[in-house]
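Chemist: Chains as they are written, first to last, in our numbering: chain P, 1 to 227; chain G, 1 to 781.
Treat the hints as calculated values from the structure; they're not laboratory data.
Note that CB positions come from ideal geometry on N, CA and C, so glycine has one too.
You may find that some hints are simply not true.
[What the hints assert, rightly or not] Label pairs and their calculated CB-CB ranges: (1) P:THR187 to G:THR229: 46 to 52 Å; (2) P:GLN144 to G:LEU687: 54 to 60 Å; (3) P:GLU57 to G:THR229: 46 to 52 Å; (4) P:PRO44 to G:GLN622: 55 to 61 Å; (5) P:ARG165 to G:LEU687: 53 to 59 Å; (6) G:ARG572 to P:GLY68: 35 to 41 Å; (7) G:PRO225 to P:ASP85: 34 to 40 Å.
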Amino acid sequence: MKTCRAEGSPGLPETRRRLAAVRTVAALVVLAALGLPALAFDLPALAALLAQRKSAETRFTEERTISGLDGPLRSSGTLSFSAPDRFARHTLEPRPESMVVEGNTVSIRRGGRTRQMALDAVPELTALIAAVRGTLTGNAATLQQHFRVQVAGNAALWTLTLVPRDERLAAQVHELQIVGQRGELRTLELSLAGGDRSLMIIEPLPPAPPGSRPPASAPRAGPAAPR
Amino acid sequence: MTPSALPLRRRVAVLLCWLALVLAAGWQISRTTFTADLSAFLPSDPDPQQRLLIEQLGSGVPARTLLIGIDGADAQVRADASRSLAAKMRASGLFEQVHNGERSDWADVGAWLVEHRYQLSPAVDARRFTVAGLRDAIEETLSLLGTPAGHLLKPLLERDPTGETQRIAESLIPSDAPRSEAGVWASRQGGRALLVASTRAAGSDLDAQSAALDQLREAFAAVAPAGLTLKVSGAPVFAVDSRAQIESEVRWLAIAGTVGVSALLLLAFASLPALGAALLPVGTGVLAGITAVSLGFGGVHGITLGFGATLIGEAVDYAIYFLIQSRRAGWRAWLKSSWPTVRLGLLTSMCGFGALIFSGFPGLAQLGLFTVSGLLGAALATRFVMPVLLPEGSRGQGLRRQLGRLGQAAVDALPRLRWPLLALGVAAAALLAARGELWRADLSSLSPISAEALALDASLRADLSAGDARSLVVVQAADIEGTLQRAEAAAARLEPLIDRGAIGGWDSVTRFLPSLTRQRERLSHLPPAAPLRAALAEATRDGPLRAERLEPFLDDVQRARESSPITLESLRGTALAPLVDALLLQRADGSWVALLPLQPIAGAPIDSAAVARALQGLPGTQLLEIGRALTQLYERYLGEAQAQALLGALGVVAVMALALRSWRRLLAVCQPLLLAVLLTMGALALLQVHLGILHLVGLLLVVAVGSNYALFFNMLQRDGHGDPDMLASLLLANLTTVLSFGLIAMSAIPALSAIGRVVAPGALLALLLSAAFAPRPAAVP
Chain P
1 MKTCRAEGSP GLPETRRRLA AVRTVAALVV LAALGLPALA FDLPALAALL
51 AQRKSAETRF TEERTISGLD GPLRSSGTLS FSAPDRFARH TLEPRPESMV
101 VEGNTVSIRR GGRTRQMALD AVPELTALIA AVRGTLTGNA ATLQQHFRVQ
151 VAGNAALWTL TLVPRDERLA AQVHELQIVG QRGELRTLEL SLAGGDRSLM
201 IIEPLPPAPP GSRPPASAPR AGPAAPR
Chain G
1 MTPSALPLRR RVAVLLCWLA LVLAAGWQIS RTTFTADLSA FLPSDPDPQQ
51 RLLIEQLGSG VPARTLLIGI DGADAQVRAD ASRSLAAKMR ASGLFEQVHN
101 GERSDWADVG AWLVEHRYQL SPAVDARRFT VAGLRDAIEE TLSLLGTPAG
151 HLLKPLLERD PTGETQRIAE SLIPSDAPRS EAGVWASRQG GRALLVASTR
201 AAGSDLDAQS AALDQLREAF AAVAPAGLTL KVSGAPVFAV DSRAQIESEV
251 RWLAIAGTVG VSALLLLAFA SLPALGAALL PVGTGVLAGI TAVSLGFGGV
301 HGITLGFGAT LIGEAVDYAI YFLIQSRRAG WRAWLKSSWP TVRLGLLTSM
351 CGFGALIFSG FPGLAQLGLF TVSGLLGAAL ATRFVMPVLL PEGSRGQGLR
401 RQLGRLGQAA VDALPRLRWP LLALGVAAAA LLAARGELWR ADLSSLSPIS
451 AEALALDASL RADLSAGDAR SLVVVQAADI EGTLQRAEAA AARLEPLIDR
501 GAIGGWDSVT RFLPSLTRQR ERLSHLPPAA PLRAALAEAT RDGPLRAERL
551 EPFLDDVQRA RESSPITLES LRGTALAPLV DALLLQRADG SWVALLPLQP
601 IAGAPIDSAA VARALQGLPG TQLLEIGRAL TQLYERYLGE AQAQALLGAL
651 GVVAVMALAL RSWRRLLAVC QPLLLAVLLT MGALALLQVH LGILHLVGLL
701 LVVAVGSNYA LFFNMLQRDG HGDPDMLASL LLANLTTVLS FGLIAMSAIP
751 ALSAIGRVVA PGALLALLLS AAFAPRPAAV P
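The following block holds chain P by itself, in its conformation from the complex:
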């Protein structure tokens, strides 16, 4: 604690991260001394890591492999998230499309037409959005409500595997696999029925030019806009 304070003014998440690292090392030392197996990096730990982030702006490239098609389908765009419940996916290439989820309302815009619908009217969609929002907010309870959850790896590189509990969704989506580093998501892979797959690679947006963000909103989470 004291050492952190002495280091000038690091952001709060940065402090926590270092603190966590210190604790992990300390724990490993203790465990090694006791001769016990290393404590696994589990869902609560991952959730705590993810919960620190309150908003994110990233870009994505997606590659979908569909049986029966000659080549993969590629698309790219941006993802944005702000706690507690707003999530947007804007596809820019090859066709502009968007899906914005806020609270219980989903707005989909395709081909110049907008449609709104109630999220909870479609259970499959509810579960999928729960996977995304639950991961982004670090809400372990929501994830476990809709999926069988597995966490592997460690804080530096983890894999979150979600298998739908809802039968109807399971018939469409066999598995979601999210790979991340600390509080950042790196890839999101969907295994769909019939062997189709979708792999989304997520990268931080280039840092926003200074002054384009409201100044007083600190402590803004680091991962999406590092430094």
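Given the structure of chain P, go ahead and fit chain G onto it with the hints provided.
Modeler: Just chain G, lined up with the frame of chain P:
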């Protein structure tokens, strides 16, 4: 036999005449239909907007729609019960549609939509099957593959690479649907599974509605495990329940009124023949009232009948006056001394209520006609039949002497309270002036539906997101094709409003049944096989989807080119028929109406001004907001009733002025009436009661009943003797009135209790004030 009695032949003739009239009335009543819906309170001569409203309320799908909730246990148990209940209801054949959120509901519809996609898809235009159009459409379809939503589209890819099915489905997504839980609809708060059903029978067929409700409850009892409860609401429930409620209330009020009034009369007369005789004009009056309404309107509303119970307390007054006042000198003397006053009171009452007969609203007109003819019947029975039966009034003494003494004491004491009473009246007037917004309340205050039932309805509606199905665009034309074309034109204007956030979406029958013109136009854009094959090859070159896979598409397009158009007849008997029936109606005059219900954006009201602007200039197209239209209707209704009540009151004053021929006496008679009305209204204002039409009708009754008291007191003082018998009769007449209106004030039917709560205290006040403000005998020579 006393010398004053009529000859036997005359007496028999009178009784036979009366009996014949009663039998005729009974026969007419036996053929009368009794209604209990809101129809009596909707205008009989509506403007076009109101006509749409009435059609919707009376015969539209809303009038046949049941909202059903299953409460208790856990989600899985509720969902199972919902599925079994829906299956049983569908099997019963009494319901046209039963929806509970199960997807299998839509399996048939889905296949039909795929088959007719080229006639239905709004995307089919001249560009759609060119190289560029095909490339665009295929690209858009592919953008959904590899997402969870793509799993529904993929099986259709080879038949429908341009995504017409998806385009149609997209337009059918409701912007605000119920939540889905364990595979069926559920409330957002949890704890309730939801279903919506519409009965096959018309909304006006209450017996069939009642049977459908019974079937629903039985089916639920058969399938639901313990711990689950059924909640049902909707127009059919209201109609059936209020009919039952009105029936039982009317029975209860009639029995309680008769027993109460009889007990009072027995106390007063201590004579059974007197009691029987006193009830005779009452019965005659009620029969006359029902018969007149039945003849005049072709049916009687339950509320009118409930109102009949109040007539007991009013009509018995005539009998009381006769029985007590003719005791001293026989009926001939009564005819000479009191009958003119009774007749004048009758005329004023008839004048007051006569004004209501001309109301544009059948409910009020029925009340007016019922009261006028009921009072006339009762008065005539008193005038002609009573002298035959009891020529010398009632001999019984009972408590009459005490009543007379009490009356005398009051007459002596009350005038001393004139100034305080006047001051109270001024205070009441000031309070009313200060209160301003006195007349409030809405059309629902007329309906017999309890606040509890309305709350359940509101919660089920909110759960089902059916709350704002009350804004719709109504399109009309002489024939079906014209109506569908106009609906398409309206839909084209509505579509941009979704983007602008004015509405969340719209429904239209043209999604399943486009106009023939539009269908032909779409099909005309489908190219013949060879050019389509060439364009497809060009459009898919270098793409991931190879043209060789799309042979089924080429076949389907060729088949569609030769398909026959979708018509209303071709939809009969399909799963879509109920949907089409809900959105497309034929009027009795052969013209057609299409309804385009508007969906709000979740959590925001519909921007009706924007909708109205967008629709400007379209022929036969209107925005109908049921809630607002009902409020406007009520306001018109209230304004009309106020004018009529004022006219009625003026009529009462005019009749009295003609009869009394003295401004001073007229003032003396009007003063207590005005004060009674002011004090009653003041008391209601103090109790924070919002005054509605029925309070107004009650006030009119206070004037009509009160004028009798005022006239009697006036006559009493003019003739210079404070006759204790006369006072006893007035007091007794007043007690019976207060009693019967007091009973009605306790009714669970808001319409009746409103009248009772005004008249019971108002009539008592009118009597006391008449006594207080009667001209002093000393001042009369």
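Chemist: Hints first: check each against the structure and report whether it holds.
Modeler: Hints, verified against the model:
1. P:THR187 to G:THR229: 46 to 52 Å: 49 Å, holds
2. P:GLN144 to G:LEU687: 54 to 60 Å: 56 Å, holds
3. P:GLU57 to G:THR229: 46 to 52 Å: 49 Å, holds
4. P:PRO44 to G:GLN622: 55 to 61 Å: The hint (55 to 61 Å, Cβ to Cβ) holds, given that PRO44 (chain P) and GLN622 (chain G) are roughly 59 Å apart.
5. P:ARG165 to G:LEU687: 53 to 59 Å: 57 Å, holds
6. G:ARG572 to P:GLY68: 35 to 41 Å: 39 Å, holds
7. G:PRO225 to P:ASP85: 34 to 40 Å: Holds - the Cβ-Cβ distance for PRO225 (chain G) and ASP85 (chain P), about 36 Å, lies within 34 to 40 Å.
In this structure, none of the earlier numbered hints is contradicted; all agree with it.
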